[in-house]
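First residue of the sequence shown? That's 1 in the working numbering, and the numbers climb one at a time after it.
Hints are supplied without guarantee of correctness; some may be wrong.
[What the hints assert, rightly or not] Keeping only pairs whose Cα atoms sit at most 30 Å apart, straight-line, the calculated DSSO-like set for lysine-lysine is: (1) 149 to 106; (2) 149 to 172; (3) 48 to 37; (4) 106 to 48; (5) 172 to 87; (6) 87 to 149; (7) 172 to 106; (8) 37 to 87; (9) 87 to 106; (10) 48 to 172.
[To be verified] Label-pair restraints from in silico Cβ distances: (11) 20 to 169: 19 to 25 Å; (12) 84 to 170: 25 to 31 Å; (13) 36 to 172: 22 to 28 Å; (14) 151 to 37: 28 to 34 Å; (15) 65 to 99: 43 to 49 Å; (16) 169 to 37: 38 to 44 Å; (17) 152 to 37: 32 to 38 Å.
Worth flagging that the hints you see were computed from the coordinates, not collected in a lab. Note that the Cβ used here is the ideal one computed from N, Cα and C, for glycine as well.
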Amino acid sequence: MRGRWAAGIVPRNFSWILEDHLAIAERPGGHAPNHRKVRRQEEILWIKAQGFTRVISLMSSPHNLYVYDEFQLPFIHIPLSPNADLKIFLPELYAMFSSWMENGDKVLVHNEDVSDQLVGIMAGYLLWTGLLPSGPQAIAVTERLVSRKMGSNGRSIVAIVTNFAPPETPLKIKSATNSIR
Numbered sequence: 001m002r003g004r005w006a007a008g009i010v011p012r013n014f015s016w017i018l019e020d021h022l023a024i025a026e027r028p029g030g031h032a033p034n035h036r037k038v039r040r041q042e043e044i045l046w047i048k049a050q051g052f053t054r055v056i057s058l059m060s061s062p063h064n065l066y067v068y069d070e071f072q073l074p075f076i077h078i079p080l081s082p083n084a085d086l087k088i089f090l091p092e093l094y095a096m097f098s099s100w101m102e103n104g105d106k107v108l109v110h111n112e113d114v115s116d117q118l119v120g121i122m123a124g125y126l127l128w129t130g131l132l133p134s135g136p137q138a139i140a141v142t143e144r145l146v147s148r149k150m151g152s153n154g155r156s157i158v159a160i161v162t163n164f165a166p167p168e169t170p171l172k173i174k175s176a177t178n179s180i181r
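Could you build all of it, start to finish, from the sequences and the hints given here?
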């Protein structure tokens, strides 16, 4: 592929949570009624070109995961069902995020769309790791990172995380840019 689109296109609602380490976006190709195969391919090309080494799908269904295999892009499907017990789900997810980033992975997390739930999960992660000291600060910083306000669903996730025990060891990312934008 040559020309303007050779490097692909940025996935919709792409935002860095930890610059050069952890990002979120809408499902490549768009969510349900807006999903487009060509857009999905272009967005996956961009994800690869940016050096992401792991894509995490939190979608409850396995739709389109085969495409990551076709593009030889490592992925993990960790379905987040509407009935999931977040008190169990989130500490396990957060520990995986930390492990991957400490091993040098560049991680992109997506769900069907960039919902309050996904934004709340990311704010909770920043709080859980100790990168931000309080729930209100985690909410404010994450809102700035994703350029939108967080609704009650996201805020309730952050409230749940305030009761979690912190990780046994602080997050140690292998990079000079260890920053929250």
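Status of the hints after comparison with the structure:
{"no.": "1", "hint": "149 to 106", "in the structure": "holds, 26 Å"}
{"no.": "2", "hint": "149 to 172", "in the structure": "holds, 29 Å"}
{"no.": "3", "hint": "48 to 37", "in the structure": "holds, 17 Å"}
{"no.": "4", "hint": "106 to 48", "in the structure": "holds, 11 Å"}
{"no.": "5", "hint": "172 to 87", "in the structure": "holds, 24 Å"}
{"no.": "6", "hint": "87 to 149", "in the structure": "holds, 24 Å"}
{"no.": "7", "hint": "172 to 106", "in the structure": "holds, 14 Å"}
{"no.": "8", "hint": "37 to 87", "in the structure": "violated, 35 Å"}
{"no.": "9", "hint": "87 to 106", "in the structure": "holds, 25 Å"}
{"no.": "10", "hint": "48 to 172", "in the structure": "holds, 24 Å"}
{"no.": "11", "hint": "20 to 169: 19 to 25 Å", "in the structure": "holds, 21 Å"}
{"no.": "12", "hint": "84 to 170: 25 to 31 Å", "in the structure": "holds, 27 Å"}
{"no.": "13", "hint": "36 to 172: 22 to 28 Å", "in the structure": "violated, 39 Å"}
{"no.": "14", "hint": "151 to 37: 28 to 34 Å", "in the structure": "holds, 31 Å"}
{"no.": "15", "hint": "65 to 99: 43 to 49 Å", "in the structure": "violated, 21 Å"}
{"no.": "16", "hint": "169 to 37: 38 to 44 Å", "in the structure": "holds, 42 Å"}
{"no.": "17", "hint": "152 to 37: 32 to 38 Å", "in the structure": "holds, 35 Å"}
Checked against the numbered hints above, the structure breaks hints 8, 13 and 15 and satisfies the rest.
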